[in-house]
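Number of protein chains: 2
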Amino acid sequence: MVKSWYYRYEDLYDYVVRFFEHLQVPSEDAKIAADVLLLADLRGVNSHGIIRLHTYYGGRLVNGRIDIQSPIKTLRESPVTLALDGGNGLGQVVAHQAMQRCLEKAEKAGAALVTVRNSNHYGIAGYYAMMALPHDMIGISLTNSQPFMVPTYGRKALIGTNPIAVAVPAGKERPYVLDMATTIVPLGKIVVHSKAQEDIPEGWGIDRDGRISTDPNAVIDGGALLPLGGSDLMRGYKGYGLSLLVDILSGVLSGAAFADTVGRPNDSNPGSNVGHFFAAIKIEALRDLMGFKADMDQIIRLLKDSPKAEGQERIYIHGEKEFERAESGRKHGIPLMETVVASLQEAGNSVGVPFNPQPLGPVD
Amino acid sequence: MVKSWYYRYEDLYDYVVRFFEHLQVPSEDAKIAADVLLLADLRGVNSHGIIRLHTYYGGRLVNGRIDIQSPIKTLRESPVTLALDGGNGLGQVVAHQAMQRCLEKAEKAGAALVTVRNSNHYGIAGYYAMMALPHDMIGISLTNSQPFMVPTYGRKALIGTNPIAVAVPAGKERPYVLDMATTIVPLGKIVVHSKAQEDIPEGWGIDRDGRISTDPNAVIDGGALLPLGGSDLMRGYKGYGLSLLVDILSGVLSGAAFADTVGRPNDSNPGSNVGHFFAAIKIEALRDLMGFKADMDQIIRLLKDSPKAEGQERIYIHGEKEFERAESGRKHGIPLMETVVASLQEAGNSVGVPFNPQPLGPVD
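Residue numbers (numbering that gives the first Met the number 0), protein chains in the order written: chain A, 0 to 363; chain B, 0 to 363.
Hints are not guaranteed to be accurate.
Because identical chains share one entry, a pair is satisfied inside a single copy or across any pair of copies.
As the list claims (entries may be wrong) - With a cut-off of at most 30 Å between alpha-carbon atoms, the simulated DSSO-like pairs for lysine-lysine come out as follows:
1) K155 with K303
2) K303 with K30
3) K307 with K30
4) K155 with K307
5) K330 with K2
6) K72 with K320
7) K155 with K72
Bear in mind the hints are in silico, worked out from the structure with no lab data behind them.
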């Protein structure tokens, strides 16, 4: 069993900002990137948080494969639509700007959508969808990613784990926040199992010969993830279809890379040319906001108060567990596995920003 | 083994038009409804086709629970958004008009979305998404439906099989057409197994006590369908999340019924108050159409030409099998099970439009 330690959120945040600033990322952008990365850790999506600080971002900044100088360019624009070129910038910074412009358009037009080409890995998709919430809008955020999903009846990883994130405001209840990979689990989850030296459940992934494997490293090294649904009988082609849809909207519609042409973080090519898709819907364009929020509260309560399966005590709404984890994380600290801390220390030293946050105490 | 017979597409189409006309549906509307219903049979989605002619439509027209007189009303409108009240009309007719107006708006604005409340079951979701294809647009069609899905950790059917349909044009290749229930299978698939007197695979549904059951009738009578993904370990909460999302966009955002308040076809209440959501994206608003289509062809070929799993010969793109079935169906006829024919004969007689198409021959 691998040990974990609690760290203060603020200490980790300050460290990540300094890490990015040291790599010449402008201060405002460094704060955005830190905010996105650590929201993942706060929400318990540790696969997409600080664990990736060096592999996905730091390393690529050091070797110039992410370009923080190049401006974000507008390719096509109307009051409702916007196509951007991210200039191979930090995914978080590009995506944050894209969603902000999407929200501005939707505020005026009632709805808007933005595509982005030539970007990089942007962290958790849900961050950008949730940007819509304070504006009483529904936010949608999609991105393609390096190939790791095998299509139904195939044996080669060709499509990404391409997440779908949608955030919807409610009234007294917490917002609905779906943020899901279209594979059964994201690659990051396999990596977490690998770092924790634990097997993965049967059915999540295949090895390089196309056989179901419970060894996370066999999946990572030349294997592939199965789409949501899994087998054909259980309709895995639906997960494959959703993943392909995300690639069409994020990659093909934006003019970015798609399928197995999306760059991997450790590729030697200069840009990974990741594509994103954002949309926002202003609720008041379609109905009265109060009525909408009251109905959201009602559907949430109706689900939560319904009879439970044997042995279960709660029915959850999407995002609910994550909101609770974030509250706990801000109060009690964020748990990091010692293997993750070791890799942060190593990366920090190599870059010249030693990892200095001190643990609050061990996780029981 | 239940026998099936081939019927000419044109004969079935003429019959369905006459059936609706006899029930006072205006001729133009009867043709739309017949077109939607029979496209399901043509594409092999027999669960959503003529099998439902009486239960979902004819019966409700006869007893006045669908209102074909009431006009479709505009509730809110902008150049980009439109909220409609379907006046409890035939779902196919309401949805067809809604998507047409969505396409007109998207042609001018680059993208558009339409919500509909107070409608009825609209047949296959994919029909309306595919209406975007001749306009070089991406079409999206969602609807909620009577409760049949159990939320993760629950034991009661509370959410519909709420389908997601998206159609995307390609160049030389066939379009991508996703049309999927967010449960593992739609209720109609269970009904088909019931009519064919066949067990269902383990894992598709539960009985009224919350236990996995292979008896289709146990699932239909007080049981529930499992969301895409199935168990918690295999991430069934993602399918549950998608289903809930469809209900939020179709039901809550439109001001229609949602969750277990959506009417069932055999309810005694006058309207089922089904909600729909449609969207269209004009490709040229975001990038050059030729480049988009070339990239669509490329991603489709890349997937289809990739290495196959052991024992598999083809990798499919979503909608591909259905396009092939439709071609075959127009040429060789549409297969109907004899139990389905018997129910059509019974319904036809009761309504006063005897089912008169003659079989072309038996299905081997």
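Hint check results:
1. K155 with K303: This pair counts as between: shortest inter-copy Cα distance 11 Å, intra-copy 40 Å.
2. K303 with K30: Answer is neither; intra-copy 36 Å and inter-copy 43 Å both fail.
3. K307 with K30: neither (42 Å within a copy, 45 Å between copies)
4. K155 with K307: between (40 Å within a copy, 8 Å between copies)
5. K330 with K2: Cα proximity of K330 and K2: one copy only (20 Å, versus 66 Å across).
6. K72 with K320: neither (37 Å within a copy, 40 Å between copies)
7. K155 with K72: The answer is neither: 35 Å in one copy and 50 Å across copies each exceed 30 Å.
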